[in-house]
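Trainee: Generate coordinates for the entire structure from the input sequences, incorporating the hints supplied.
As they're listed, the protein sequences go chains A and B.
What the first sequence shows, in the working numbering, is residues 1 to 375, in sequence order.
What the second sequence shows, in the working numbering, is residues 376 to 750, in sequence order.
These are computed hints drawn from the structure, not numbers from a lab.
Treat the hints with caution; some may be incorrect.
Pairs of lysine to aspartate or glutamate residues, derived as EDC-like cross-links and limited to a Cα-Cα distance of at most 20 Å, are as follows [said to hold, decoys possible]:
1) B/K406 <-> A/E19
2) A/K31 <-> B/E395
3) A/K31 <-> B/E389
4) B/K570 <-> B/E615
5) A/K275 <-> A/D355
6) B/K406 <-> A/E14
7) A/K31 <-> A/E14
Note that the structure is a prediction, hence the values are computed from the model and not measured.
Number of protein chains: 2
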Amino acid sequence: MGPFDFSTGTTNPETFPTEELAAAAARTVRKHAVELNTYPGSLGHEGLRRLMAQREFDREGVRLDPERIALTNGSMQAVTLVAEALCEGRDDVVVMEEYCYSGTISAYQGLGIELVGVPVDGRGMRTDALQSALEGLRDEGRSPRFIYVLATYQNPTGSVMPRERRLELLRIARAHRCIVVEDNCYADVHYEGEKVPALYALDDGPRQVYLCSLSKIFAPGVRLGYLTASSAELFERIVERRHDAGPNTLAAAISAEYLGDRLWEHVETANRALKAKRDAMLLALESELGNTCSWSHPPGGLFIWVRLPDGSDVERIEAAAAEREVSFSRGTLFHVHGGGGPYIRLAFGFSRIPDIHEGIARLARSIEETGREPA
Amino acid sequence: MGPFDFSTGTTNPETFPTEELAAAAARTVRKHAVELNTYPGSLGHEGLRRLMAQREFDREGVRLDPERIALTNGSMQAVTLVAEALCEGRDDVVVMEEYCYSGTISAYQGLGIELVGVPVDGRGMRTDALQSALEGLRDEGRSPRFIYVLATYQNPTGSVMPRERRLELLRIARAHRCIVVEDNCYADVHYEGEKVPALYALDDGPRQVYLCSLSKIFAPGVRLGYLTASSAELFERIVERRHDAGPNTLAAAISAEYLGDRLWEHVETANRALKAKRDAMLLALESELGNTCSWSHPPGGLFIWVRLPDGSDVERIEAAAAEREVSFSRGTLFHVHGGGGPYIRLAFGFSRIPDIHEGIARLARSIEETGREPA
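Mentor: Quick look at the structure:
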């Protein structure tokens with residue numbers, strides 16, 4: 001990745017705890033030699049499952065049984081596994097935010113699932129539109145396999161769904177007897193403002209599936225996510241679909257060893273630095289593009305969602321930016337049907353602060369230049 | 376796992392290179408901090424892909440492009456991914472050895488695939504029976520999505536398919552334009568005798584898929600396997616089905632760092648100790664069960680395949696053995712339709728040599744006792 005790569009939601013190498021993690025890695029191999037020589041089972045290294053149960057308790061006040069947590073190869077394996085387990089191979093419909101994580105969209109499309117997009121606003125998925133979507137499906141005699149929702153620091157828009165709307169979403173889902181799959185991978189990448197409870201913490205019904213990750217608070221290269229479900233039956237159904245002989249013991253044990261007694265200290269250090277990067281990017285956008293574009297001010301997560309001037313040719317801007325070694329993600333990647341307005345998504349976690357300023361200046365020149373020239 | 380657990384194909388904790396691996400783990404974190412903060416792509420850590428290309432070249436004399444190797448979460452992810460990519464969701468048939476790896480059988484059954492078992496003998500899958508199976512399917516207007524075959528140190532029977540039969544198998548597959556998926560995960564767990572080339576090394580056609588692993592020569596807890604295919608089109612088709620955002624960078628980079636300059640030295644050390652365990656188990660079987668049972672003498676791999684006396688009640692023996700803290704795998708687990716004769720599979724990699732003697736003595740008492748008592 002180059003210095004002006006704003007395309008991917010990677011973590012911040014500048015706060016990566018290299019020395020402490022190196023020491024933890026060495027300790028882990030010594031401690032867990034026998035476990036490394038055996039298969040992990042379908043749930044994975046117990047130490048990390050216990051730690052993630054603690055993480056959820058600390059954040060949500062909900063006690064999860066570590067035996068009801070399955071570690072996965074990043075949360076993307078969980079995203080995929082849930083759909084593989086809950087879909088039936090024909091007439092499969094999933095309802096999700098109209099703008100949503102591109103990885104989920106392409107995985108689900110790859111699995112042949114029909115995606116129904118629900119419009120979003122600055123507070124996430126619009127529940128009036130969700131209600132209409134579910135009613136529309138019901139009128140056709142169909143029901144979605146599940147609702148997939150990123151309620152906190154939504155990717156790509158950065159919004160947080162307020163508590164009231166969460167309760168409304170859950171009420172609608174219950175009324176339609178619909179499973180809710182909550183992807184909470186950004187939960188702890190928090191900069192300011194109130195922390196809203198996760199959906200699963202607001203519902204004691206049997207149709208909640210919850211996905212989370214270490215990719216955003218620790219490192220995507222450890223490839224560790226996890227899933228839980230609010231009923232044993234639902235959990236078993238998902239875990240039984242797993243056919244990979246279990247998650248990575250080495251990575252899980254090293255992560256548990258490092259994070260074990262400093263999870264929140266680690267998260268706070270990472271977030272402080274990420275907030276500075278977010279602020280730097282917001283400032284650079286203001287000074288470089290304040291007259292022509294608008295953008296989100298996300299209170300958490302790793303992305304800023306930018307609306308370019310109407311009529312912008314995003315592909316041409318992308319090419320012009322690439323010539324200046326700047327990259328971003330086109331907004332259409334995050335639209336369930338590849339449509340939508342002239343948006344781009346900027347990730348701020350990876351680049352150094354001076355490079356953020358320089359990169360946004362180069363992006364601004366690319367936008368201006370493309371706007372001036374005839375198409 | 377207890378001291379007399381002969382049920383799972385784990386590696387030998389006694390030759391696990393704890394100190395060297397601990398040092399390699401620490402070096403890896405320092406070397407690859409930036410890579411750990413980014414996503415791995417769908418192929419995974421380049422260093423391990425290069426090393427696995429070298430491994431294949433050293434063993435098979437075939438030069439693989441590291442860009443045509445995808446790392447997977449153990450070879451089981453590869454086993455599953457291949458079927459997910461090549462099956463169409465209806466009328467899916469896979470042809471495989473009648474006795475085969477239980478993980479593959481249950482994964483493929485879980486995916487709704489119809490399995491056609493081809494009888495095996497001491498030289499692996501019988502090619503006359505393969506020919507009949509393919510002709511039988513053709514007469515029904517059907518063709519298998521692929522032939523899955525474990526030609527070397529076959530699990531569970533321990534057989535090695537001779538070169539001539541390999542060529543015959545490939546000839547038959549070509550004639551039926553059928554993809555061959557070769558699972559070579561035991562390839563380097565070699566004790567004696569001639570090394571026979573892998574199927575993919577004997578065929579330059581476009582329909583070969585090859586799976587291999589670090590689970591058997593290094594440690595299953597690193598969850599690293601890999602796949603390649605003989606045409607770019609076939610390779611892309613399989614890799615595109617992957618929706619997990621890529622394999623584990625941390626585990627792959629640590630494994631490459633440790634194995635990098637001592638792969639074969641490591642393998643030789645591991646095999647020497649495993650051969651001693653195999654020999655100990657063969658000796659114990661001879662002295663404890665020589666009058667009543669027969670078994671394989673595998674020149675590689677991690678298992679001995681034992682035929683119990685006719686009329687044995689394997690479930691009762693299993694229960695009696697469990698009371699003596701001895702476990703094994705029932706032969707029916709490895710039969711494509713859960714049938715077959717009175718076989719059990721004994722894994723010898725995990726237990727210490729004195730425990731192998733003691734465990735086989737306990738197993739013998741369980742068999743005798745169960746045979747004496749009325750059912």
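Trainee: Tell me, which hint numbers fail for this structure?
Mentor: Numbers 4 and 7 - these are the hints that the structure violates, sorted from lowest upward.
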